[in-house]
Amino acid sequence: MPIAAVQEERLSRRKNDAAFPLLAIEWCLDQAGIGPESLDAAVFYERPMLKFDRILTCALRAFPRSWRAFPKAMKNSLGEKVWVRGVISSYLGLPARKILFTEHHQSHAAAAFLTAPTRRAAILTADGVGEWTTLSIGLGSRRLDGASSITLLREIRFPHSLGMLYSTFTAYLGFAVNEGEYKVMGLASFGRPTLVDQVRRLIRRTPDGAFALELDYFEFHTTVQRSYSSRFIDLFGPPRSPYEPIDLNTAEGRRFADCAASVQRVLEDTLVDIARALRQETGLPDLCMGGGVALNGVANARILAESGFERLFVPPAPGDAGCALGAALYADRIHFDNPDRQVPDHPFWGPAVDGSALARLAHEDGQLCDELDDWELIDRTADDLAAGRVVGWMEGALEFGPRALGHRSILAAPHAAEMRDRLNRDIKYREEFRPFAPIVPIEAADRYFELPPGGARLARFMSGVFSVRPEWRTRLAAITHIDGTARLQTLERSMAPRLHALLESYGRRSGMPVLLNTSFNLAGEPIVNRAVEGYSTFRRSGIDILVAGGTRVVKRASSAAQKEKIACSRSVAR
Amino acid sequence: MTRILLSPLHRWVWLDTARRARKLLRFAETEADGGRDLVRAAELTPDPLLRRLFLFHARDEQRHAELFRGRGAALLHALSAPSSPTGYRADWLAPGERGLDELRIEELEDGALLAFLHLSEKSAAMDFASYRDVLQHDPSTRAVFEEVLHDEAYHMNYTLSQLVRVSPQRHQLLLWRVRLSRLWKGYLRLALALAGAISGLILTILYFTLLAPFGYFAKRAARREPTGWLPVSSERNASLDRQY
Chain A
1 MPIAAVQEER LSRRKNDAAF PLLAIEWCLD QAGIGPESLD AAVFYERPML
51 KFDRILTCAL RAFPRSWRAF PKAMKNSLGE KVWVRGVISS YLGLPARKIL
101 FTEHHQSHAA AAFLTAPTRR AAILTADGVG EWTTLSIGLG SRRLDGASSI
151 TLLREIRFPH SLGMLYSTFT AYLGFAVNEG EYKVMGLASF GRPTLVDQVR
201 RLIRRTPDGA FALELDYFEF HTTVQRSYSS RFIDLFGPPR SPYEPIDLNT
251 AEGRRFADCA ASVQRVLEDT LVDIARALRQ ETGLPDLCMG GGVALNGVAN
301 ARILAESGFE RLFVPPAPGD AGCALGAALY ADRIHFDNPD RQVPDHPFWG
351 PAVDGSALAR LAHEDGQLCD ELDDWELIDR TADDLAAGRV VGWMEGALEF
401 GPRALGHRSI LAAPHAAEMR DRLNRDIKYR EEFRPFAPIV PIEAADRYFE
451 LPPGGARLAR FMSGVFSVRP EWRTRLAAIT HIDGTARLQT LERSMAPRLH
501 ALLESYGRRS GMPVLLNTSF NLAGEPIVNR AVEGYSTFRR SGIDILVAGG
551 TRVVKRASSA AQKEKIACSR SVAR
Chain B
1001 MTRILLSPLH RWVWLDTARR ARKLLRFAET EADGGRDLVR AAELTPDPLL
1051 RRLFLFHARD EQRHAELFRG RGAALLHALS APSSPTGYRA DWLAPGERGL
1101 DELRIEELED GALLAFLHLS EKSAAMDFAS YRDVLQHDPS TRAVFEEVLH
1151 DEAYHMNYTL SQLVRVSPQR HQLLLWRVRL SRLWKGYLRL ALALAGAISG
1201 LILTILYFTL LAPFGYFAKR AARREPTGWL PVSSERNASL DRQY
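Protein chains in written order, with the working numbering: chain A, 1 to 574; chain B, 1001 to 1244.
For the record, the hints were derived by calculation from the structure and aren't laboratory data.
Treat the hints with caution; some may be incorrect.
Keeping only pairs whose Cα atoms sit at most 20 Å apart, straight-line, the calculated DMTMM-like set for lysine to aspartate or glutamate is [said to hold, decoys possible]:
hint : chain 1 : residue 1 : chain 2 : residue 2
1    : A       : K15       : A       : D30
2    : A       : K98       : B       : D1241
3    : A       : K428      : B       : E1029
Computed list of chain B residues with no C-beta within reach of chain A, every gap over 10 Å [said to hold, decoys possible]:
hint : residue
4    : T1017
5    : A1073
6    : L1076
7    : L1173
8    : R1189
The structure presented is a predicted model; accordingly, all values stated were derived computationally and were not measured.
Heads up, the beta-carbon is just placed ideally off N, CA and C, and yes, glycines get one too.
Using the sequences and the accompanying hints, generate a full structural model.
What follows is the structure in structure tokens.
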């Protein structure tokens, strides 16, 4: 049974920290109350030599065009990455025989299937690339005797990759790869898929129902400088400079939005086709999805609606972070053959927040601070939200995965478009076209959102994008995207009882138990973990109220903050 | 003296508009990174006054990042021919603020951090003053450096006065330690760059001398490789001991 899971970036405070995750390992061992010597195995989520094989083979295939990329790739791989067994062994003091390896997509598959509440399911994993695999399909089953199995049936191999296709457009549209894919999805709603035919020239469907990229349009497999080739630019026009804002009132801005809409449409169509064939082949009602592509909520919703699967399970961390959990579960259930136990159906596996630490910080800085019982805290917070204040909300254990699902969230009233603009401008410092997500009690979700059968389940970890009912769009303007949709989270009381009570309390005041819920972080920073990180974010942004555990801090007015700066300057001068 | 000697070099570096834009965008990234490190410092310090000052400092760094980014983007936008934001920047000839690079804030006490910040800000202020002086032909960029320099002076002062407050007996020692550490890090940077260049050269020679025949066979094999679905053999995942 999982005991703890946390991403290194949440502890080191370096976004997408690629360093060896020593802090995360130490914290997880502390939570378990054991030392490394008590471990039966440490499992790495991919096979490093197989990955090196792919890097070397691709460099050879691209000879002599890969001459610039080759030294970098070799230094990068040979520096540390291929010696993972030795690195883990030396950090943890474990014998080498206790270091195990699962394949990358096997880890994704395990993270998706072994955490899902289903006994038999089809599995679909898709991302940029693991070792060689970019997309795989398979089957998972839990037998009544407790034995589990995951069988990957077929795969598509690098360089033919849906994830790389999407990432190439991410780079072309001027966003950071592996970071800006959300932005492409958000931008897509502002465009029309007028360039679908051009995108389809990049990705050919093979007779067996898979796909292959037309590699003349890409360079990601031969160089590190650029993902797309000159032919790609001939087809789609000049790329966007990352430093130019996207102005959707210009023809250029609309062209970029149309590019995003077109690649999004092709991605969805391809995934739906593959999922539909998988449903016909397996006859199973459930599908488990993993890999970075499973973060695309628009595609997930279409798969649920059009593939024939009745339920779609996407774990809270479908990307590479979740591979660690998948690799550990695979080793436990399948390698060590331990009996299956249902993994608790929530994302809260990280460190818990300490409200008293926030109270101490607030007192030291002379901020207004109360320590309240649950009911008073919920009442006051609901009042704050109803009055249009923005609340930083921290409770319990940190979420595992890229989304704030109610334990490290910024909450606000979802009604006015001005609130969305304020959050984008004063708090999140991000592009205007990016939408905010709503959170709603599961029992009220259907009233405000058009959920297909299975939709509420998909929305449990904010993994699907669904339509806001037309009659509510005006009153839910802050969370309704330009195309009338929202990436909602449906909340069961048992998953986060206090937040559920807050939603109900807010509903009694506003008439709608819906809140805007966005991750508690600023641009370029990981989601906050401890109270002190929430507090520093609160001090640097336009958040009005900060709640951690039972502690509530109210930001002093800006004039008071200005006086404090002057006081600081004076104390410096002294 | 050094400033006067380096002046023609800086003039050359900052004369080219595309390079100027790229350097400003690079400075923006460094300032933003420095701001995040200061936030981390604020989160870690047990001293409430330092916490507030580090947070103000972090906001200044964020503002500098926006100023540099805004000006860099405006210069790029004004260029008639599109220019890649990743071209040659001549960083060795005209570095920006090094911020807290390669510094593990978690491992430093407040005194050591303040000493590092003080010297880092001082060095950056001297560099920025040099750049401002050679930018007479670009008043807007010059104004950005003027504004940043104003803040740098405040940062230098507060870091020094706080260093004296938190380490009244040892502040000179801490400053000397940081000077030596900066020297050592400079040497390491140079050594690593040299090692990187040598290893890159060796790998490039190996690439052209040894890899050509393998490249030929790899290409032939790739042409024969089927596309579409490929079966996953059941043995492939039978063992978790293998790295391949």
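>> When the structure is checked against the list of hints, which entries are broken? Sort them ascending.
In response: Structure breaks hints 1, 5, 6.
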